[in-house]
Every structure is written in structure tokens, then in C-alpha cells.
Amino acid sequence: MLPFSYAVRNLFRSRSRLLQTVGGSALVVLLVMASVAINTGMTRVLSASGSPHNVIFIGAGSEESVQRSEVPDSSAEIAQASIPGISEKLGVRAVSSEIHYMNHLEFADGSRAQALLRGVTPQALRVYPDLHVIEGTFPKAGEVMVGRLAWRKLGVPAEALKLGVRVKLDGQSLTVSGIFAAPGTVLESEIWGVLGDLRVLSKRETVSCVVVRLDDPAGFPDAELFAKQRLDLELSTLRESDYYFRLTQFFQPLRVMTWITAGLIAAGAVLGGINTLYAAIAPRVKEMAALQAIGYGRGALLASLMQESILACLTGALLASVVAVLLLDGVTVPFSIGAFTLEVGPEVAITGIFTGLLLGVIGTLPPAYRCLSPPLTVALRSA
Amino acid sequence: MNDNMIQCTGVSKSYRRGSTTVTPLEKLDLSVRRGEFLALMGPSGSGKTTLLNLLSGIDSPTEGSLVIAGNELARFSRRELTKWRSQHVGYIFQLYHLVPVLSAFENVELPLLLSPMSKKERHERVKSVLDLVGLGDRIHHTPSELSGGQEQRVAIARALVAAPPLLVADEPTGDLDRESARKILDLLRQLSREHGKTIVMVTHDPRAAEAADRTLHLEKGQLLEAA
Ligand SMILES: Nc1ncnc2c1ncn2[C@@H]1O[C@H](COP(=O)(O)OP(=O)(O)O)[C@@H](O)[C@H]1O
Ligand SMILES: [Mg+2]
Numbered sequence: 001m002l003p004f005s006y007a008v009r010n011l012f013r014s015r016s017r018l019l020q021t022v023g024g025s026a027l028v029v030l031l032v033m034a035s036v037a038i039n040t041g042m043t044r045v046l047s048a049s050g051s052p053h054n055v056i057f058i059g060a061g062s063e064e065s066v067q068r069s070e071v072p073d074s075s076a077e078i079a080q081a082s083i084p085g086i087s088e089k090l091g092v093r094a095v096s097s098e099i100h101y102m103n104h105l106e107f108a109d110g111s112r113a114q115a116l117l118r119g120v121t122p123q124a125l126r127v128y129p130d131l132h133v134i135e136g137t138f139p140k141a142g143e144v145m146v147g148r149l150a151w152r153k154l155g156v157p158a159e160a161l162k163l164g165v166r167v168k169l170d171g172q173s174l175t176v177s178g179i180f181a182a183p184g185t186v187l188e189s190e191i192w193g194v195l196g197d198l199r200v201l202s203k204r205e206t207v208s209c210v211v212v213r214l215d216d217p218a219g220f221p222d223a224e225l226f227a228k229q230r231l232d233l234e235l236s237t238l239r240e241s242d243y244y245f246r247l248t249q250f251f252q253p254l255r256v257m258t259w260i261t262a263g264l265i266a267a268g269a270v271l272g273g274i275n276t277l278y279a280a281i282a283p284r285v286k287e288m289a290a291l292q293a294i295g296y297g298r299g300a301l302l303a304s305l306m307q308e309s310i311l312a313c314l315t316g317a318l319l320a321s322v323v324a325v326l327l328l329d330g331v332t333v334p335f336s337i338g339a340f341t342l343e344v345g346p347e348v349a350i351t352g353i354f355t356g357l358l359l360g361v362i363g364t365l366p367p368a369y370r371c372l373s374p375p376l377t378v379a380l381r382s383a
Numbered sequence: 001m002n003d004n005m006i007q008c009t010g011v012s013k014s015y016r017r018g019s020t021t022v023t024p025l026e027k028l029d030l031s032v033r034r035g036e037f038l039a040l041m042g043p044s045g046s047g048k049t050t051l052l053n054l055l056s057g058i059d060s061p062t063e064g065s066l067v068i069a070g071n072e073l074a075r076f077s078r079r080e081l082t083k084w085r086s087q088h089v090g091y092i093f094q095l096y097h098l099v100p101v102l103s104a105f106e107n108v109e110l111p112l113l114l115s116p117m118s119k120k121e122r123h124e125r126v127k128s129v130l131d132l133v134g135l136g137d138r139i140h141h142t143p144s145e146l147s148g149g150q151e152q153r154v155a156i157a158r159a160l161v162a163a164p165p166l167l168v169a170d171e172p173t174g175d176l177d178r179e180s181a182r183k184i185l186d187l188l189r190q191l192s193r194e195h196g197k198t199i200v201m202v203t204h205d206p207r208a209a210e211a212a213d214r215t216l217h218l219e220k221g222q223l224l225e226a227a
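From first to last, the protein sequence lines are chains G and F.
FYI, in this note's numbering the residues of the first sequence are 1 to 383.
FYI, in this note's numbering the residues of the second sequence are 1 to 227.
Simulated from the structure, these hints should not be mistaken for lab results.
All values reported here derive from a predicted model rather than from experimental measurement.
One or more hints might be untrue.
If you want the footprint, here are the derived chain G segments under chain F, 3+ residues with CB under 8 Å [to be verified]:
#1 8-22
#2 308-314
#3 375-382
Even for Gly, the Cβ is constructed at its ideal location relative to N, Cα and C.
Given the sequences, and given the hints that come with them, work out the whole structure.
What follows is the structure, given as C-alpha cells:
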């Protein structure tokens with residue numbers, strides 16, 4: 001075997017080339033890491049948003065869109081009396097009547113942004129036990145509380161949705177009374193108001209859905225049975241986790257796009273990187289030939305070239321990991337129904353390192369072939 | 001017969017080049033005794049390098065038999081030939097072909113890394129051949145910091161270090177000034193006389209050939225004894 005120091009010193013033959021290789025590999029690895037982080041982040045937030053304990057009753061035929069769904073106002077009352085196993089605290093059952101409403105919010109400076117609003121009653125807090133008001137209070141009439149990531153989803157500065165700020169919805173002024181957290185879920189990007197207010201603003205007599213929390217997810221068939229027995233209510237039953245799983249499927253094309261975009265940019269960088277590796281290795285035809293004349297096999301030479309490229313590409317991967325931790329980790333990314341936080345965890349890191357490794361291996365093959373495939377006599381007399 | 005380091009019988013070598021075939025060596029016979037220093041002359045393109053490549057197992061003949069250091073080379077696979085070469089032949093090139101990123105010492109050490117050997121023994125052997133070629137105190141310099149003559153000394157040390165019985169040298173002084181060339185030739189002669197190395201050296205320079213025991217001319221695929 002050739003000494004490892006041979007591979008290391010070869011790297012420094014040309015500093016500019018080394019920089020190009022390391023930089024190119026860092027770019028590719030960073031893109032791959034970003035894509036993985038975006039994909040896992042989106043999937044994670046959607047799957048965390050739905051609880052298997054929660055059952056959504058939605059208007060039959062409107063399973064695709066909660067906002068368009070119509071559920072009779074009385075459904076919550078009837079459901080809470082009919083379905084066994086609803087979770088209960090201090091005599092209050094976890095049943096939440098909700099209106100989901102998408103419309104433009106107008107801010108003090110006149111700017112507008114489309115927001116997902118949810119009209120709720122205080123019982124909503126029983127259905128979403130992981131949701132907490134972290135600042136201010138639960139809204140009363142004329143007030144709203146905002147998820148702590150709503151500003152990010154709306155693309156406005158955080159101050160635009162501060163406590164005490166007034167916003168306008170359909171000409172109606174509303175005051176921000178509270179800020180809530182629901183860690184890792186899309187709820188954090190929503191704006192919640194009082195059910196009555198939303199009913200007036202959206203000009204409807206019905207609600208969008210009724211959400212019920214069961215003590216045991218296994219009680220779902222009871223909830224389903226209820227919907228079947230009360231045909232007059234025209235309800236369709238969904239597990240909340242299934243609802244969000246379906247959204248995951250819905251966003252599949254978006255995720256594919258992320259990959260394609262990253263893939264195209266990466267392809268450019270890969271070609272550039274392979275090019276610099278080629279420039280670094282191919283002129284060494286004669287040197288490789290001389291080493292073979294001394295008695296080194298082609299396998300040993302290929303191994304040394306691999307060491308050299310992998311070392312450069314892994315350095316790039318390491319650099320990309322540092323950049324990812326500094327620039328990507330913890331960044332909130334908005335998408336149509338919420339926002340999610342990028343997490344540079346082991347999964348992302350391992351994918352990145354693996355990508356670097358792969359780049360090194362693949363990038364070595366063409367120039368190595370160029371160096372090691374010609375017959376020795378030809379290689380020795382090459383210019 | 002057993003006294004011969006090299007025994008070529010009816011060796012031909014042709015290369016295809018497009019539709020034509022070039023045959024630099026045709027039915028060539030050559031015997032070189034152990035310890036003999038042979039100079040090989042001939043016009044450019046006459047096949048001198050081709051012959052050295054055959055003798056050192058870098059290339060294989062189209063026809064004929066090559067018995068070098070008692071081994072029939074045709075019997076070896078490519079891999080076996082590579083291993084055989086590392087133990088039996090030291091190749092000295094006109095342009096040295098040292099590895100630019102390694103020091104003189106490290107360049108000479110390269111052939112020894114192919115066989116199991118303690119670091120201590122390896123370093124002693126490298127030092128002793130570097131002493132033998134007279135590189136002096138420049139052993140930790142890289143090739144670019146050495147003169148041509150010094151580079152060729154390093155190359156000779158590298159060819160010697162694994163103690164092969166046969167050295168082949170392709171115009172080893174072709175790129176050197178007269179003084180450096182003379183010193184390299186002295187060194188080669190010393191290796192032949194005092195260390196029993198068999199040497200086949202290609203040269204253009206009749207004065208260089210004088211250093212050898214015997215000179216052969218390669219012309220039209222055949223070897224002729226010098227007049
Ligand atoms: N690998 C090869 N492929 C094709 N032709 C070759 C090859 N090696 C040598 N030749 C040809 O064989 C002839 C002899 O070359 P060479 O042995 O290098 O001559 P010399 O060393 O005497 O100058 C030349 O015509 C050369 O072009
Ligand atoms: Mg030649």
C-alpha cells in the first residue's frame with residue numbers, strides 16, 4: 001500500500017483545486033442535508049399534529065377540506081352525550097366545535113396576509129392538551145390568540161402579531177390577547193378566535209367540524225358508530241392522525257419538487273467537483289505508470305486515489321455539517337398550512353456524510369480510469 | 001546457460017497502429033551474463049525502450065521466450081508479473097519519474113512498502129542505499145529541490161533498494177550535463193563491479209557506452225555486436 005501521507009500531500013499539490021473540490025462537495029452535501037431536513041421536518045410536523053386520541057367529525061362529502069365542511073351546530077352536544085370513552089376533566093368533556101376559516105388579515109401598516117383562523121370554545125384546550133397559552137390569555141369576544149409561529153407562516157415581522165396588537169379581519173378589528181405554543185405541530189401557525197366571532201365573520205350557521213378526544217384510541221369504532229347512527233347529522237368520521245397523514249400525501253409533490261431542485265443544483269456541483277478531481281488526478285498518468293513499474297498494483301494506486309478524493313469530499317461534508325448546524329438548524333420554514341422547524345439531527349448528518357463519501361468514490365472513478373487503464377508502456381511514454 | 005541473467009530467444013514485438021503494424025523487434029536473441037553491464041545503442045525509434053520494457057516485465061512479447069533471473073515471464077499473470085518486477089528488476093528512467101510530493105527518502109522507501117519489513121530495517125536499508133548513491137545530506141528534500149544528477153541518484157537508489165539482481169536504465173544520463181552524467185556512469189559501473197548487479201543501459205552517447213562491459217546496436221529489429 002502507498003502511505004496515507006502520499007494521499008494527503010497530493011491534496012495540497014494545488015490549493016485552489018483543493019478548495020474547489022472541498023467547496024463543491026460542501027455545496028452538494030449542504031443541499032442534500034437541506035432537502036432531508038425539509039422533508040423530515042414537514043413529515044414530522046404533520047405527523048405530530050394529529051393525535052390518535054382525537055376524532056374529527058366532518059361534513060360527509062367534505063373530507064378533503066375542513067374549511068368547506070358544514071356540520072350542524074348541535075352536533076357537539078349530541079356527540080358528547082352519545083359517544084362513550086370521551087376524555088373528561090372536572091366534569092367537562094373534551095369536545096370542541098370549530099370553524100376553520102381562511103382569509104386575509106390586515107395589519108396596522110396596511111399589509112395583508114392570508115391566515116388560517118380557527119374559531120373555538122375554551123373546550124378546545126381539553127382536546128389539544130399539548131397546546132398552552134404562553135403569554136396573555138385565551139381570547140374573549142373581539143380578541144384572538146396567535147400561535148407563536150404564525151408570524152413566520154404569514155411572512156410578517158414578529159412584532160406584527162405581538163400581544164395587544166390590533167389586526168383586521170373582514171373589516172372587523174381584533175386584539176391579540178394571547179400567544180400559544182403547541183410544540184412541533186402546525187397549530188402553532190394558526191390564529192384562534194372565539195367561535196361566535198368567527199361564525200359572524202364567515203357568515204355561517206354551521207361549524208366546520210367537531211373534534212372529540214377519546215381516552216383510548218381504540219374507542220374509535222364507537223365514534224364511527226355514532227356517525228352511522230345519526231344519519232341526520234351527515235357526519236364523516238376521521239382519526240385526526242389519518243387526517244394529517246393524508247395531508248402528508250397531499251404535500252408529496254411539493255417534497256418531490258424540493259428534491260428535484262436540490263438535485264439539479266447538486267448535479268451542477270457534482271460535475272464541477274468531478275471536473276476538479278479529474279484535473280487533480282488525470283495529469284498524473286506518468287507518475288502512476290512509474291509506480292506500477294516499481295511494483296505497485298493498480299488496486300493499490302486506486303485505493304490511494306480514493307483516499308485522496310474521499311478525504312477532500314469528507315472535509316467538504318464536515319464543512320457542510322457545520323454550516324447546516326449554524327444556518328439551518330432551528331430555522332422555521334413556512335408552507336401552505338403552517339410552518340415547521342428544520343432540525344439537523346443524526347439522520348441529516350448521516351445522509352450528509354454518506355453523500356460526501358459517495359461523491360469521493362464516484363468522482364475518483366473517471367480520472368482513475370484515465371490514469372490506470374492504458375497499458376504501462378503507453379502511459380510511460382505519454383507526455 | 002544458468003549463468004545468464006537474461007535469455008531472450010526469438011523475441012518479436014509488434015504494435016498495431018491503425019491499419020499498419022510496427023515491428024520494432026524481430027526474432028531477436030540476447031543473452032546477458034549475471035553481473036554484466038550491457039550498453040544498448042541504436043537510432044531513435046529502433047525499439048530500445050521496447051526491449052527494456054520486455055526485459056523488465058512491463059510489456060510482453062508478441063512471440064518468443066524471455067527467461068529473466070531464471071523465470072519464464074510468459075508464465076506470469078499480470079498481477080504476478082507486477083510482484084515479480086518489484087523483487088527482480090529496478091527500472092531507471094531518463095526523466096527519473098520521482099513522486100514530486102515525497103522526499104528523496106520517501107521516494108526510495110516506496111518499493112520497500114510492498115513487502116513486509118520492520119520500519120527500523122526499512123529505514124536502515126533506505127539510508128544505506130542513499131549513502132551508496134552518495135546523496136549526502138539532501139535526503140529530506142523533495143525532487144524539485146534537487147539537481148537533475150541528484151534526482152537520478154535518488155531514482156537509482158529507488159531502483160536498488162529492494163535489492164533486485166537486474167537494473168534496466170533508459171538513457172539515464174540523457175538529460176544530464178557531462179559532469180553529472182560521468183558520476184552517474186561511475187555509480188552504475190560500481191554497482192556492476194562491486195555489487196554484482198546485472199545492468200542493461202540504453203544510451204545515445206558512445207562515451208557512456210564505454211562504461212559498459214559490452215555494447216550492442218539495435219537496428220532494424222536486430223542486435224549487432226559493436227564493431
Ligand atoms: N505502446 C506502443 N504502441 C504503439 N507503438 C509503439 C508503442 N511503443 C513503441 N511503439 C513504436 O515502436 C517503435 C520503437 O519504439 P521505442 O522502443 O520507444 O524506440 P526507442 O526507445 O529506440 O527510441 C517506434 O516506432 C514506436 O513508435
Ligand atoms: Mg526510447
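*Which hints, by number, does the structure contradict?*
2
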